Amino acid sequence: MKLKTSFLIGMFIVVMVLTGCEPLLVLDPKGPQGRTTANVIMISIWTMAIVVIVVFAMYFYIVRKYLASRQSKDYVPPYIEGSVKLEIIWTAIPILIVAFLSVVTVISTYKVESVPEGYEEEPLVIYASSSNWKWHFSYPEQDIETVNYLFIPTNRPIEFKLYSFGPISSFWIPQLGGQKYAMADMVNTLNLAADVPGEYSGRNANFTGEGFAQQTFNVTAMSPKEFDKWIRDIKSTAETLTEEKFDELLQPGHLGQSTYKGTHLEFSPPPENHHSKEPLKDNQEEIKNQKIIKDDLSNDEDHSNMKH
Amino acid sequence: MKVDKSLPLEYGTEQNRLNILGFWVFIGAEIALFGTLFASYFTLINRTGNGPAGAEIFEIAPVMIETILLLTSSFTIGLAIHAMRMGKVKATITFFIITLLLGLGFLGIEIYDFIVFIHEGATLQTSGFTAILFLILGTHGAHVLVGIFWGIFIISQLFKHGLTPRTNNKAFIFSLYWHFLDVVWIFIFSFIFMKGML
Amino acid sequence: MKELFPRKHVYGFISSLLLSIIALSLYYFDLTFQLSMSILLITAFFQAAIQLIVFMHAGETEDKKSIYITIYYGVFIALVTIFGTLLALIWGYY
Amino acid sequence: MDFLDRFAVPNPGPTIYASMVAIALTTIAIIIGLTYFKKWGYLWREWLTTVDHKRIGIMYLISAILMLFRGGVDAIMMRAQTAVPDNTLLGAQEYNEIFTTHGVVMIIFMAMAFIMALMNFVIPLQIGTRDVAFPRLNALSYWLYFAGAMLFNISFVVGGSPDSGWSSYFPLAGTDFSESVGTNYYMIALQISGIGTLITGINFITTILKMRAPGMSLMKMPMFTWSALITNLIIVFAFPVLTVALAMGTMDRLFATNFFTTENGGMDMLWANLFWVWGHPEVYILILPAFGIYSEIISTFARRNLYGYKSMVYSMIAISLLSFLVWVHHFFTMGQGALVNSIFSITTMAIAVPTGIKIFNWLFTLRKGSIVLTTPMLYSLGFIPIFTIGGVTGVMLGMASADYQYHNTMFLVAHFHLVIIPGVVFAMIAGLFYWWPKMFGFMLNERLGKWSFWFIAISVCLTFFPMFISGLDGQARRMYTYSESTGFGVWNMISFIGAIGLAIGFALIVYNIYYSVRYSPRNIPADPWNARSLEWATATPVPDYNFAILPEVKSTEAFWDSKIYGDKLFNKRIEPIHMPNNSGMPFIMGIIFFIWGFAFVFGLWILLVLSTIGIGICLALRSYEKDEGYYIPVDEIERVEKTGGKKK
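Protein chains in written order, with the UniProt record's numbering: chain G, 1 to 308; chain U, 1 to 198; chain A, 1 to 94; chain H, 1 to 648.
If we strip away everything but chain G, and leave its shape as in the complex, we get (with noise of 0.2 Å):
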């Protein structure tokens, strides 16, 4: 049977490459985020794998068996309505698959979607915001601000606040663990750490329109001391980020790595607290004052675009 054996190599590629003749890079983790998610997809591959033998090998005993080829000409095929204990078999048994699976899923959502466990340290905070189709990287604690690259120390955790200034993009480091979208009206949280030094791609997952297959970057991870001295060289040697300089680099397009000093934060502040529920008075009237400076900064740079 060709069905089978294609399905036999198919599966036989699929267990190969995945158990390891050649690590694929989300099932090479360099973080405990990354090996988490590492963790609960190779979990999965496993009860399903189950699933699939128990499948296949019913299907093509059943199918060989009774083969109207292999039967004599007047066999006649019974009439059997169903049978209760079988059809409860399984069901009961895809439960408690599914049950299992669902508590592996909710335990490992919450373990991403918080700080690594056993990371004690103040978690580094890098505001990483994405423009068509580039990713600007922020630390307000360094304050320095680096396009399409990323320096992080190993073995500190690192919270992203991630943010867009266009269309929905998707921050993703596959070796160091899952996507998160970066949006433009509000700033999602995203965890990770790394735990092994090394170069590590990224990249925006999510289609943002002509440029999107080139919107990548570079994370390198280094020792703490390795990162602080980095920070002092960028401090030493690159130009400080104006707010016109900002705007050149928001223009739609690529654009190679590059280093400042000072974030754009300041000036183009990332757009947090915009989903409270309901928004005390005051409150609202401060976003409101905000967005007014907001307005007549964005009118000023309109000035300054002109003359040039």
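Calculated directly from the structure, the hints in this document are not laboratory data.
Possibly wrong hints are sitting among the right ones.
Taking lysine-lysine pairs in the DSS-like style, the calculated list, with each CA pair at most 27 Å apart, reads [said to hold, decoys possible]:
{"no.": "1", "chain 1": "U", "residue 1": "Lys90", "chain 2": "H", "residue 2": "Lys626"}
{"no.": "2", "chain 1": "G", "residue 1": "Lys161", "chain 2": "G", "residue 2": "Lys85"}
{"no.": "3", "chain 1": "H", "residue 1": "Lys210", "chain 2": "A", "residue 2": "Lys64"}
{"no.": "4", "chain 1": "U", "residue 1": "Lys88", "chain 2": "H", "residue 2": "Lys626"}
{"no.": "5", "chain 1": "A", "residue 1": "Lys64", "chain 2": "U", "residue 2": "Lys5"}
{"no.": "6", "chain 1": "U", "residue 1": "Lys160", "chain 2": "H", "residue 2": "Lys626"}
{"no.": "7", "chain 1": "U", "residue 1": "Lys170", "chain 2": "U", "residue 2": "Lys90"}
{"no.": "8", "chain 1": "H", "residue 1": "Lys626", "chain 2": "U", "residue 2": "Lys170"}
{"no.": "9", "chain 1": "H", "residue 1": "Lys572", "chain 2": "H", "residue 2": "Lys554"}
{"no.": "10", "chain 1": "A", "residue 1": "Lys65", "chain 2": "H", "residue 2": "Lys39"}
{"no.": "11", "chain 1": "A", "residue 1": "Lys65", "chain 2": "H", "residue 2": "Lys554"}
{"no.": "12", "chain 1": "G", "residue 1": "Lys65", "chain 2": "H", "residue 2": "Lys210"}
{"no.": "13", "chain 1": "U", "residue 1": "Lys5", "chain 2": "H", "residue 2": "Lys563"}
{"no.": "14", "chain 1": "H", "residue 1": "Lys450", "chain 2": "G", "residue 2": "Lys65"}
{"no.": "15", "chain 1": "U", "residue 1": "Lys5", "chain 2": "A", "residue 2": "Lys8"}
{"no.": "16", "chain 1": "A", "residue 1": "Lys64", "chain 2": "U", "residue 2": "Lys170"}
{"no.": "17", "chain 1": "U", "residue 1": "Lys170", "chain 2": "A", "residue 2": "Lys8"}
{"no.": "18", "chain 1": "H", "residue 1": "Lys210", "chain 2": "U", "residue 2": "Lys170"}
{"no.": "19", "chain 1": "G", "residue 1": "Lys85", "chain 2": "H", "residue 2": "Lys220"}
{"no.": "20", "chain 1": "G", "residue 1": "Lys73", "chain 2": "H", "residue 2": "Lys368"}
{"no.": "21", "chain 1": "G", "residue 1": "Lys85", "chain 2": "G", "residue 2": "Lys111"}
{"no.": "22", "chain 1": "U", "residue 1": "Lys90", "chain 2": "A", "residue 2": "Lys8"}
{"no.": "23", "chain 1": "H", "residue 1": "Lys554", "chain 2": "A", "residue 2": "Lys64"}
{"no.": "24", "chain 1": "H", "residue 1": "Lys210", "chain 2": "H", "residue 2": "Lys568"}
Taking CB as the label site, the calculated pair distances span [unchecked claim]:
{"no.": "25", "chain 1": "G", "residue 1": "Leu96", "chain 2": "H", "residue 2": "Gly13", "range": "34 to 40 Å"}
{"no.": "26", "chain 1": "G", "residue 1": "Pro140", "chain 2": "U", "residue 2": "Ala61", "range": "48 to 54 Å"}
{"no.": "27", "chain 1": "G", "residue 1": "Arg70", "chain 2": "H", "residue 2": "Leu66", "range": "40 to 46 Å"}
{"no.": "28", "chain 1": "H", "residue 1": "Gly13", "chain 2": "U", "residue 2": "Gly138", "range": "37 to 43 Å"}
{"no.": "29", "chain 1": "U", "residue 1": "Gly138", "chain 2": "G", "residue 2": "Thr237", "range": "54 to 60 Å"}
{"no.": "30", "chain 1": "H", "residue 1": "Arg622", "chain 2": "G", "residue 2": "Val84", "range": "36 to 42 Å"}
{"no.": "31", "chain 1": "H", "residue 1": "Leu66", "chain 2": "G", "residue 2": "Val76", "range": "51 to 57 Å"}
Keep in mind it's a predicted model, so treat the numbers as computed, not measured.
All C-beta atoms in this analysis are idealised placements derived from N, C-alpha and C, irrespective of residue type, glycine included.
Dock chains U, A and H against the given chain G, drawing on the hints supplied.
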């Protein structure tokens, strides 16, 4: 056409019974439609941007009048069907006309309401909140408007043909539609206007 | 027997007017938000039921079951959409 | 000239010019052909104005096959572009347009139409009735679908294709980032065909609930009818959600409202939410009829009754309810937190339970059967293992924490293709082969059919299995190219080879149709497969009125029982049969809707108002029209019955 005399005329033929059940299914779809609009409304309710919030633009008086007009029209269309089942053409037509006039009155006040909203700075384009407000009210209003045109057609057919299985069926289905619009208005009134003004 | 006076309709109309007045009166009383919302919910669903049963004759034919299943299904979907949407877009972010 | 500029395509390329020429040539050829063979009158009388569910079904079928090839060409181009790293066959913009139209065409205009085709043709026959509840509305549904499909397809040559993905997430699909009219086409075309689909839903629910043959209680309905009933129930409750979402999107794009914008209180996530509130049930709208078809075919060719009929029904009802409770799994990564994601993970995985019940019931239908490997059966047997793989990966995707890694990757692409292709496309082809003799009076060639099956089945695996791997290796979906260092090249090359195999498979099906039209014998019996349900109880080709006498049903397999135990199906005497008149109105309304949509897309407001009035006039005319249909007299029925269904 076989007409079953044991049932009211509007159920008299097989096709009539199909029409009525089909319309009920359509009402089911309408429930989902307005459900989605309400879901979007509740989601966008605090997203007022630089525009006004509901509490700032809603007024109780027009809403009260609209509610009473529509409730009464729902009552009169019920009476129209009652009269129709008793075989009284004139009464049926009269109640139909009253219903449509009440509907027109409702629409007039709704349009007035819209003008007030716009004067207070809540246009369709102002914010997410005003957009969904206008969409949900507008969808309901458009249903009423379509209903008025539809009602006029039915009245003219009642004039021409009197009470036949065909016209009765149309009138009955129209009444279902009209009552349903009343139900939708009750939810709009309760969960948009009253909730907004509390 | 068919009767000339539409008793059911008049009762229905009066009760729906009453329910509306109860709902409207909330505007003038200073109740808590939760209490007001519960009253609104009750009055709204009662009104809907009156329209369905008294005016729309939902239960008068052999298709009663189909009609009610359709309506219940529709209401179920509407509620799922409303609360699911709020869960996913508003409540989930706290 | 300024006025005409708006109709120009913003990014013209050779493919677009070629299609312009091709469209022009085809149109001219059709017009000349119709005139030369004097077929205009025939076309109008027999097809454009028909209200016969069988003919409407066939028109859906032809449209679906045309759309399959439109979507298929898109797919081949995508696979060719990504076959090697850094390929420059297509530009980013072209690729974006192609994958967008591929998705929309395949889901909305191919799969939906295919389902409508089979439902239209088969359901009234299967429940032993003469037509659907509202024959004219049925024709209107088709013409609305057709207007929507044509409107969407002309976007390629007039004004520009949509390019923000079939899910058209805002703000990317908003005017800020999608300036061309492409996304307007998406919004309006889907709206028009969506209305058509909703009308079909209402029509079929009423038909199935009220028009079944005497004695056929709900629990005696054939499984395909059951699946159609539940599908249409989902359609009726899911499509209004799409209607609202599209209305909002249209207003955002054309009236500058702020539903999904990122300022003034707009909420881009609301689009994603509403889209998937419709979008997930839509998946089950596609798959449930397919399950019904498999149930019919498997029990026919295993020569056994369907195992666990009741649990099959209950599991479909469970799926229909659950399908409305899971949509958030399409955007687990939007940031709504662990609690919400956990809830929707659990509901998602719960769907695996009723689906599993169905798989086991099919296996146990095969058991103790006598399996005949016909083409439809091969597709059904091919479905079970491939769909199982697609299904279990669905469970994996349902696990929120893991989904953070699968989301937006080729893993996801592999999953949904491995569910939709064996689940829906196989079913459609199987159904096509299975009911073809009933539709056209001859069989499709079995040898070619089997060849096409092996090509398609193996190629599906070849095309989509590598995507699991490249997905786990970090390849995001919708990337028009990738660099060599990523190592995705080999997997994409395998996919491309598979895609060619798929193309050959589908070409074989078309060749099969051509070959069978020419050479297949016409003297086939009314029940060539030795099948079990009522559609085989009437003559082939099916007379206009379907059944001269309405059948009386005592069991779930009434026709089978009549063959085996001699139950009599037709006990009454022939009486005059009431038939609906043909009407040109649905077709004319379709044309007006097309103009309405076109005016909307380009913001031609005067035309829009005029066509809206036109639609209103059509509705008013319909309201005043007195059309009682006509009766076929007894002697004519008897004459038709004697000739075995052949007309005149």
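Status of each hint after checking the structure:
no., hint, verdict
1, U:Lys90 - H:Lys626, "holds, 23 Å"
2, G:Lys161 - G:Lys85, "violated, 53 Å"
3, H:Lys210 - A:Lys64, "holds, 12 Å"
4, U:Lys88 - H:Lys626, "holds, 23 Å"
5, A:Lys64 - U:Lys5, "holds, 20 Å"
6, U:Lys160 - H:Lys626, "holds, 12 Å"
7, U:Lys170 - U:Lys90, "holds, 16 Å"
8, H:Lys626 - U:Lys170, "holds, 13 Å"
9, H:Lys572 - H:Lys554, "holds, 15 Å"
10, A:Lys65 - H:Lys39, "violated, 48 Å"
11, A:Lys65 - H:Lys554, "holds, 23 Å"
12, G:Lys65 - H:Lys210, "violated, 42 Å"
13, U:Lys5 - H:Lys563, "violated, 39 Å"
14, H:Lys450 - G:Lys65, "holds, 21 Å"
15, U:Lys5 - A:Lys8, "holds, 24 Å"
16, A:Lys64 - U:Lys170, "holds, 20 Å"
17, U:Lys170 - A:Lys8, "holds, 22 Å"
18, H:Lys210 - U:Lys170, "holds, 19 Å"
19, G:Lys85 - H:Lys220, "holds, 22 Å"
20, G:Lys73 - H:Lys368, "holds, 14 Å"
21, G:Lys85 - G:Lys111, "violated, 39 Å"
22, U:Lys90 - A:Lys8, "holds, 21 Å"
23, H:Lys554 - A:Lys64, "holds, 24 Å"
24, H:Lys210 - H:Lys568, "holds, 23 Å"
25, G:Leu96 - H:Gly13: 34 to 40 Å, "violated, 55 Å"
26, G:Pro140 - U:Ala61: 48 to 54 Å, "holds, 52 Å"
27, G:Arg70 - H:Leu66: 40 to 46 Å, "holds, 41 Å"
28, H:Gly13 - U:Gly138: 37 to 43 Å, "holds, 41 Å"
29, U:Gly138 - G:Thr237: 54 to 60 Å, "holds, 59 Å"
30, H:Arg622 - G:Val84: 36 to 42 Å, "violated, 51 Å"
31, H:Leu66 - G:Val76: 51 to 57 Å, "violated, 44 Å"
Consistency with the previously given hints fails for numbers 2, 10, 12, 13, 21, 25, 30, 31, ordered from lowest to highest.
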